[in-house]
Amino acid sequence: MKVGVPRGLLFYKYRPFITTFFEELGEEVVLSPETDKEILNLGSKYSVDEACLPVKVFHGHAAYLRDKCDIIFLPRIMQLREREYICPKFCGLPEMVINSVPDMPKAITFPIYAFSEKSLRKWAVKTGLIFTKNYLKIHNSYRAALAAQKKFSPGINDIDYDIKIALVGHPYNVYDSFVNMELVSKLHKMGIGVITEEYIGDELIDKEVKTLFKRPFWTFTRNSYGFSSYVGTHKEVQGIIYLSSFACGTDSITIEFIKDRLDNFPILVLKIDEQTGEAGFNTRIEAFVDMLKRAVVNCQL
Amino acid sequence: MVITFPHLGNSAFAAKAIFDDLEIDYILPPVSSRTSLEIGSCHAPEEICLPFKIMLGSFIQSIEKGADTILIPGSCGPCRYGEYCELHMKTLKKLGYNVEFIVLDQPGDIGFQELLNRINKISLKSSKSNKEKINALISGYRVINLIDKIEQKAKIKSGYELNSGECKRLFNECKRECVLTKKSNEMILLLKKYNNLLDNVALNKSKKPLRIAIIGEIYTLLEPFSNLYIEDKLIDFGVSSKRFLYPSWWVKDAALSPVNLNSLDIKKASKKYLPYYIGGFGRECVGEAVLAKKQGFHGAIQILPMGCMPEIVSKSILPTISKDEDFPIMTLVVDEMTGEGGYQTRIEAFLDLLERREFNVLHGC
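Residue numbers (this note's numbering), protein chains in the order written: chain A, 412 to 712; chain B, 227 to 591.
Heads up, a few of these hints could be off.
Claimed, not checked - Below, a list of computed lysine-lysine pairs in the PhoX-like style, where the Cα atoms sit at most 25 Å apart:
1) B:K497 with A:K533
2) A:K456 with A:K533
3) B:K468 with B:K498
4) A:K621 with B:K359
5) B:K497 with A:K517
6) B:K347 with A:K621
7) A:K625 with B:K319
8) B:K494 with A:K670
9) A:K670 with B:K316
10) B:K291 with B:K347
11) B:K493 with A:K537
12) B:K408 with A:K625
13) A:K537 with B:K359
14) B:K316 with A:K517
15) B:K434 with B:K419
16) B:K549 with A:K456
17) A:K682 with B:K316
18) A:K618 with B:K320
19) A:K625 with B:K316
20) B:K498 with A:K533
21) B:K394 with B:K291
22) B:K419 with A:K625
23) B:K394 with B:K383
24) B:K549 with A:K517
25) B:K320 with A:K621
26) A:K533 with B:K493
27) B:K408 with B:K347
28) B:K468 with B:K433
29) A:K537 with B:K347
30) B:K319 with B:K291
Calculated directly from the structure, the hints in this document are not laboratory data. Since this is a predicted model, take the numbers as computed values, not measurements.
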């Protein structure tokens with residue numbers, strides 16, 4: 412069977428697991444292409460207006476694949492860590508896509524609780540049973556997928572740059588170069604190095620997060636806040652660029668927490684949506700970089 | 227300690243009754259208005275949802291009147307409400323207001339002992355005995371149930387009333403008089419009186435008004451200002467409206483959810499379209515749309531604040547329900563920029579559509 416896998420949302424972090432699992436089961440994986448204008452337009456056309464850009468882009472990828480596969484994988488990621496969520500739209504993502512995009516094929520929509528190998532296994536078994544009754548094959552595919560995922564280490568950690576910034580944001584914005592308009596290469600061309608949240612480990616993030624009154628219940632908030640708070644207070648970078656989607660619910664809170672924690676630290680918040688003009692985007696990045704370079708020269712940073 | 231709390235529909239009356247009985251000083255939060263929204267929008271982050279902005283404004287107004295402690299329920303997501311407490315704390319601190327926060331959060335997250343510690347902060351300020359304190363809570367519960375019942379009756383009967391505006395007038399009178407009471411038993415007697423008056427309101431049983439269900443995000447449904455007084459507008463049009471979400475509903479739902487026995491009717495109704503809880507009241511919205519059709523309503527209006535994540539998911543599902551069940555559903559999104567004119571036009575157009583479906587044009591042509 413052809414299994415359609417939309418190249419959107421958390422595909423950027425979990426690609427090895429997803430593709431290996433289906434391939435080991437003996438199915439053909441059909442990926443949508445990298446995000447481009449056509450996919451963005453498809454997504455904006457079908458999705459509900461108020462959805463954030465990454466969700467619209469995902470709709471576009473799903474719509475692109477609908478006639479190119481027999482069954483489509485619409486991940487319903489409920490939790491990545493215990494007592495934490497990503498966002499309500501992830502919990503209801505399959506319903507959003509199926510009710511907005513017409514003529515969708517059959518879909519894999521079982522809830523994913525990925526906080527342990529045991530909890531994730533439930534999803535793997537339910538999904539595997541769609542393709543085969545061979546429990547051993549499903550088990551082996553699951554183990555192979557986990558192994559492939561463990562070898563994967565996404566993230567950017569530039570070393571040879573005098574000025575470095577922390578690029579904070581959700582992985583699907585940071586790693587989709589169409590959506591972020593080639594932000595990372597633009598920064599490199601300006602002589603600015605980039606580090607992303609994979610730079611620091613769980614222990615350090617946990618320590619930073621304790622500065623909040625309430626334990627954050629969003630995984631991305633925990634990661635973004637912990638990362639920004641650490642690199643900002645330890646001066647590991649000269650500035651932070653927070654890449655956020657317009658109308659992102661969780662970011663509306665996370666950004667305020669980071670600003671509150673890092674008073675007087677250079678932070679640029681870049682908001683993106685399907686209307687964002689590249690010229691304005693570039694101008695703001697250039698202005699920020701200019702400011703950082705001057706501050707470094709004047710030994711303020 | 228002078229305590230205040232967010233205004234959330236009729237729950238302010240229950241809170242007043244409880245604090246009156248416990249003899250703790252409190253500031254009754256002002257009814258949400260343009261002023262609270264303006265103050266809140268000025269200081270709140272731009273992209274935060276509307277309920278936060280209104281709450282922040284009303285907290286600042288209460289602090290200016292002398293409140294020094296804010297009592298706020300908590301939650302653990304996935305919708306933004308759970309982070310309101312922390313964001314309120316940081317924002318008020320930055321503005322120079324020195325207030326203490328008591329956050330009644332989920333025991334699963336902070337532990338029962340911590341929850342009790344927080345409740346004790348209030349409880350210890352009262353000189354009443356433990357028995358009297360428990361009675362105060364019971365009275366509060368009775369108040370919220372009574373007043374919600376009265377409100378529901380008023381809204382449903384207003385479609386059938388003989389003297390136009392009588393139900394609305396009675397309910398508003400009831401609220402005005404409740405604010406003046408000094409003890410919970412006075413309030414309960416008053417509520418029972420108005421309940422009787424509403425039971426005996428003169429009705430024209432031959433009327434066939436439009437019946438509309440109001441669904442959506444709980445705060446915007448409970449706070450009339452945030453939904454631009456839609457229920458009042460509908461009453462003026464002679465429509466009989468019903469809302470499923472009330473504070474008393476929420477109390478029962480919260481109490482039964484640890485044992486999965488909460489809102490079984492909504493769970494069943496929403497199973498086909500959204501079989502999982504996604505946070506906020508997204509699943510409830512979908513279930514209510516299906517129930518509204520079953521209960522013979524002519525249409526439903528979904529109201530949500532801009533950016534409300536769970537309601538965006540529901541919004542994408544409602545057109546399918548509308549098509550499957552042949553049931554008109556309109557969505558209205560509100561924020562601080564919502565224009566009254568456009569809002570009014572949409573409601574009128576929706577009512578026209580419903581009337582014509584019934585071949586029952588009520589407003590002369």
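For this structure, which hints from the list above don't hold up?
-> 2, 4, 8, 12, 13, 14, 15, 21, 22, 29
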